[in-house]
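2 protein chains.
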Amino acid sequence: MAADRIRPYIRKTPIFTSATINKMVDAEVFFKCENFQKVGAFKARGATNALRSIHPGQLTKGVSTHSSGNHAQALSWAASLAGTEAFIVMPDNSPKVKVEAVRGYGGCIFFCEPTLEARETTLRRVIEETGSIEIHPYNDSRIVAGQATATLEMVQEIDNLDLIIAPVGGGGLLSGTALSAAYFSPGTRVIGAEPEAANDAWKSFHEKRFVPSLNPQTIADGLKTSLGSVTFPIIMDLVHDIRTVDEESSIRAMKFFWERMKIVIEPSSAVPVAALLEKIPEVRHSRVGVILSGGNVDLDHLPWAGHAKR
Amino acid sequence: MAADRIRPYIRKTPIFTSATINKMVDAEVFFKCENFQKVGAFKARGATNALRSIHPGQLTKGVSTHSSGNHAQALSWAASLAGTEAFIVMPDNSPKVKVEAVRGYGGCIFFCEPTLEARETTLRRVIEETGSIEIHPYNDSRIVAGQATATLEMVQEIDNLDLIIAPVGGGGLLSGTALSAAYFSPGTRVIGAEPEAANDAWKSFHEKRFVPSLNPQTIADGLKTSLGSVTFPIIMDLVHDIRTVDEESSIRAMKFFWERMKIVIEPSSAVPVAALLEKIPEVRHSRVGVILSGGNVDLDHLPWAGHAKR
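Line by line, the protein sequences are chains L and G.
Take 4 as the starting number for the first sequence in the numbering used here and just add one per residue.
Take 4 as the starting number for the second sequence in the numbering used here and just add one per residue.
These are calculated hints, taken from the structure and not from any lab test.
Keep in mind that the hints are not guaranteed to be accurate.
Pairs count within a copy or across copies, as identical chains cannot be separated in the list.
To be verified - With a straight-line Cα cutoff of 35 Å, these simulated DSBU-like cross-link-like pairs (lysine-lysine) come out:
| no. | residue 1 | residue 2 |
| --- | --- | --- |
| 1 | K15 | K258 |
| 2 | K26 | K99 |
| 3 | K211 | K64 |
| 4 | K64 | K26 |
| 5 | K64 | K206 |
| 6 | K64 | K282 |
| 7 | K282 | K211 |
Remember, it's a predicted structure, so these values are computed and weren't measured experimentally.
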């Protein structure tokens, strides 16, 4: 299974707690720190699982993907570890620190316009030219199974969680979280947290049909993508609810978390923290897990810069 | 002893490692994360030890100190826990986040000019008015014994350290580190790391006489103070060497650390990291402990802001 397959390569990340936050929300909260994961995000799990599921003989021409950042880093890193190439299609407005990190892990970057259409067209061209195998950032059951291992680790370490909150972009992490909860901790509900400004999962979930976001603008750059054909059905089946948070709440939550917890989380991780603090009153008197998806931030462009009063 | 006295109140902080940093310096490095300590800094140890060494009957009129920040927070917090008052004299240019934190822990602040003379005069007046007991930030053997517990924890957890690097301001942490190394891990050398711009310890150590810094300017606001009559002799006796780092190196080290390790360290903690990376070539092929003193940073005024190219 995925957990065994990826164990030699990834980190079993620590779980942090905070007396201050527990008091604020009147609950016991456990933060699964995927910001300390290899490449700084949970994406290392999915990428490693997908890559290690392919027969090495088929990997000679490399792997490829389009990604706004963390999956790109993760796939580059995992490919490099496995001795093959990663071809990465990235939107040309990706944070500088993520572009540099992909290069640092040995990924070969092709820039495109920051639209889903441009990404897909460019990726088709790259695959034709290189003969590489596509590893989609989230709409792939091997990716979902890899991401699921974060929650597996958490429920193995923390008993009787009433609820787990995970961010939702394309839904790879959220559907993996829901699968692990359903299999390994059936009493645990799962709630997705999404930026209001990229609320395709919230809309799709409540309208019970796929409603994509078109070029959404949010500081949570990892959550701009829309659900896919693999992730949406799992989320409809196994996720209890989806809550949205506005940009100001996410920025406030991110800054608060840095100040109090002394750990660097990226905007996409601030979204479930903001949901915990403001949008899920039913956490009261319960045991709550929160998945901090990653810690890759451009320190030269922090979202509160120029807003010193926040 | 101090460790037993403070155990119910303080945190046994985790030790972090980084394959990247190990590779960069060709050594095995262990970071003692006092940024995760109560109040965000090792100062919680000394303040708790000093306060819990005083008979409760003598504490009724409170405690007082002058401090540029972390000791102020720590004493306010420890006093509040012990059910007494803390009167804090702070320079009026202290970072906003530290002032607010002192207030948040219930400390009662008296502002003064940012000179040692103004601090001492104001404190004398406060003590006269309140009848409180002074707890000096570092020149007090109970404080030194408290700070020493960080290194005790580290050498209990990590065998055979060749070297420990600690920042030096007033010398409470460095002399405590040296005492713990001498008693509990006699094979371990201790090196102090100091900002070039506040190099009184370096000068005093090499000239073998006390040479104070007068109003030094450095981003490492916790390291502006000069050694004292309690700390200087211990440092002369037990510390192997002191190395200085320039401001640019500290800023670079701080940013690098946030980016790679995903943890928030304050400028005073970046100083030993910068020393590790640039000024202590003899770490090569050895096992090195680094004390990260704290994580209290004003996120609205990061030292690299406006210098995006760094």
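A quick look at each hint next to the structure:
no.	hint	result
1	K15 - K258	both (26 Å within a copy, 25 Å between copies)
2	K26 - K99	between (37 Å within a copy, 24 Å between copies)
3	K211 - K64	neither (39 Å within a copy, 65 Å between copies)
4	K64 - K26	between (53 Å within a copy, 30 Å between copies)
5	K64 - K206	neither (39 Å within a copy, 60 Å between copies)
6	K64 - K282	neither (46 Å within a copy, 44 Å between copies)
7	K282 - K211	within (21 Å within a copy, 61 Å between copies)
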